[in-house]
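Colleague: Listed here are the chains, written in short residue letters.
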Amino acid sequence: MATLSAPRIVSSRSEFADSFTLSRYLATGGYVALRKALTMFPEDVASEVDQASLLGRGGAGFPAGRKWSMLRKSPVSYLVVNGDESEPATFKDHYLVERDPHQLVEGVIIAAYALQVSQAFIFMRGEFALGLERVQQAVNDAYEHGALGPKIFGSNFSLDIVVHPGAGAYICGEETSLIEALEGKRGFPRIKPPFFPAVTGLYGEPTVVNNVETMSNLPWIVNNGGAAFAALGAGRSTGTRLFALAGRVNRPGVYEVEMVKNTFRDLIYDPAFGGGVIDDKSIRAIIPGGVSAPWFGPELLDLPLGQDEVAEKGSMLGSGSIVVMDETTCVVRAAWRITKFFSRESCGQCTPCREGSGWIERAMYRIEHGGGRMEDIDLLLDLCDNIAPGLTWPPQQTTICVLGPSIPSSVHSAIQMFRDDFVEHVEHGGCPHD
Amino acid sequence: MTHFRIDIRQRAEELLALYPRSRSAMLPLLHLAQEQDGYLSDEGIAEVAQLTGTTAADVRGTAAFYDMFHLEPVGKYVVGVCTNIACLLAGGEEMLEHASSTLGCAVGSTSPDGLFTLEETECLADCNIAPVVQVNHRYVRTTTPEAFDQLIDDLRAGKLEHDVPSHGTLIRVRRSGGLHASRAEIAAERLEAREAREARTPKETK
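Residue numbers (this note's numbering), protein chains in the order written: chain A, 1 to 434; chain B, 435 to 640.
Treat the hints as calculated values from the structure; they're not laboratory data.
Check before you lean on any hint, since a few could be wrong.
Said to hold, decoys possible - Here are some, though not all, of the chain B residues that point toward chain A, as calculated from beta-carbon distances under 8 Å:
# : residue
1 : Arg457
2 : Val541
3 : Cys557
4 : Gln568
5 : Val607
Unchecked claim - Now the stretches of chain B that chain A is said to cover, found in silico as 3 or more residues with beta-carbon under 8 Å:
# : stretch
6 : 462-471
7 : 623-631
Ideal Cβ placement from N, Cα and C applies to all residues, glycine included.
Full structure from sequences and hints, please.
Modeller: Listed below in structure tokens is the structure:
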């Protein structure tokens, strides 16, 4: 049975059709947290977030408080919000920017105050035309309301937020690539070290990059205290999290779920969430955290939705996206399509990623569409191993960013779990499902 | 005499003023250039280069990196059909095939009447209403072939001019309000806060 007792932290306004307006936001407790935060010392606001143990909700799951504490001291520093949500089958930030943009803006102002930053940017993927409109409107409203701009609510804190559109590039979700795009360049990830933009970020200045959902949690944390947030969930996975459930389920959607207290099975089958698999088919595999993540078989459905719990089984909760593949799914086609995506989105800087993704895609294509050879199956594993030596998770790094070593996940998983499907494809001379 | 229309030029200058360095306005300005011309024309690129203090080659090289920018003319409506994982599992490939047949053009090309350009897209982050179709980056939420055909009829008949503006990702994104404080004022405010903080944090003794 699913555990539904936790409060809704980031999706509390979902029942209101006008949830994106300032009037609805103010009528439902909006900007109360900001007023409270401004009466606190900035370091005390940061310490609440630290106490909440809020793990970043973008994909890497790095503790937000620790990221903040690494900010190099400098007269100028920046806060950049990552709203470039592009990991396939992830759509929870899309929900937040369209449905509750003021919550995001309030979170950004609170974070900027804690960090003592006076310039913030919200970088949003360009395909979110409506999201861009709603967040810009929320920023405009916040200026009008005195929640943004000079001397916010009469305090000695001033802040400007710029809403910045991306233009269609998956790689810009990688934080150093996002910074390059924000500087008006091609979105090429930067060479590490420095590992964190907190040292050298936008225009070479210290910069904190946080995800949209991470920011959206802050008003609740300030209102209720970091300890109340940390009391939800278990272990390192505190609070609630938005999960984007997609694929072969009856009710795909975005669901806010208390961390660890619910399992993959709860999320997929509970009537409050996914409501089961379409036509009651059985599950072949799930992708637990975005297409970069290695797959799970049905034997792991009772695993709790927690960052460490999933990591222990060799995958990741990643971007909060869960894709369900059932017995009607051709896993070879699914893995081929995911590789095609990586091949298309590789920025091209590093050879293993640029060339490897194309090689794997072509081998997968011929297995799926006819012309595959039996030796292609082991060739694929060899190619995967070249990009991410050892095929462990988290992977060995052979490239500037993590896109490269994420390419093998789906193909490696599919061959490991469903080698017979590959053999069948080769023998049949193409997809037997066609 | 600028290539940008006066209203576009006005918005471009507003955008430029938002950033500490003018090159940062590159992507928003390219969106504006595309809004005016329907694609990135040589004249549009030259103007963005001039506004951002770069060269046309630099602007073109940057724009080519990003899927949303078109370096050649496209139809008034760019129809994007997603076939990535969630849409694949919901019939995205079949929808793309259907779209191609309805529009009478191959994927990546423009319909004979010049009105529609069809693209196969990567994930558009709306996977609960799959397969996902966007027109000019607006979610149109047509998941069946019948609904898709109705959409195309409505677009042809000009019934959706408001819902689906042409090439206008930023057409309704307009900033009002702002910080309106000088950098020196902000620097003084931050310095004051830092000194206050240092005063309340006891210095560690070595």
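Colleague: Each of the hints needs a verdict: does it hold here or not?
Modeller: Do the hints match the structure? See the list:
1. Arg457: 4 Å, holds
2. Val541: Hint on B:Val541: violated, closest Cβ of chain A at ~13 Å, above 8 Å.
3. Cys557: 4 Å, holds
4. Gln568: 7 Å, holds
5. Val607: Since the shortest Cβ distance to chain A is 5 Å, the answer is holds.
6. 462-471: holds (count 3)
7. 623-631: holds (count 7)
Against the hints set out earlier in the document, a violation occurs for number 2 only.
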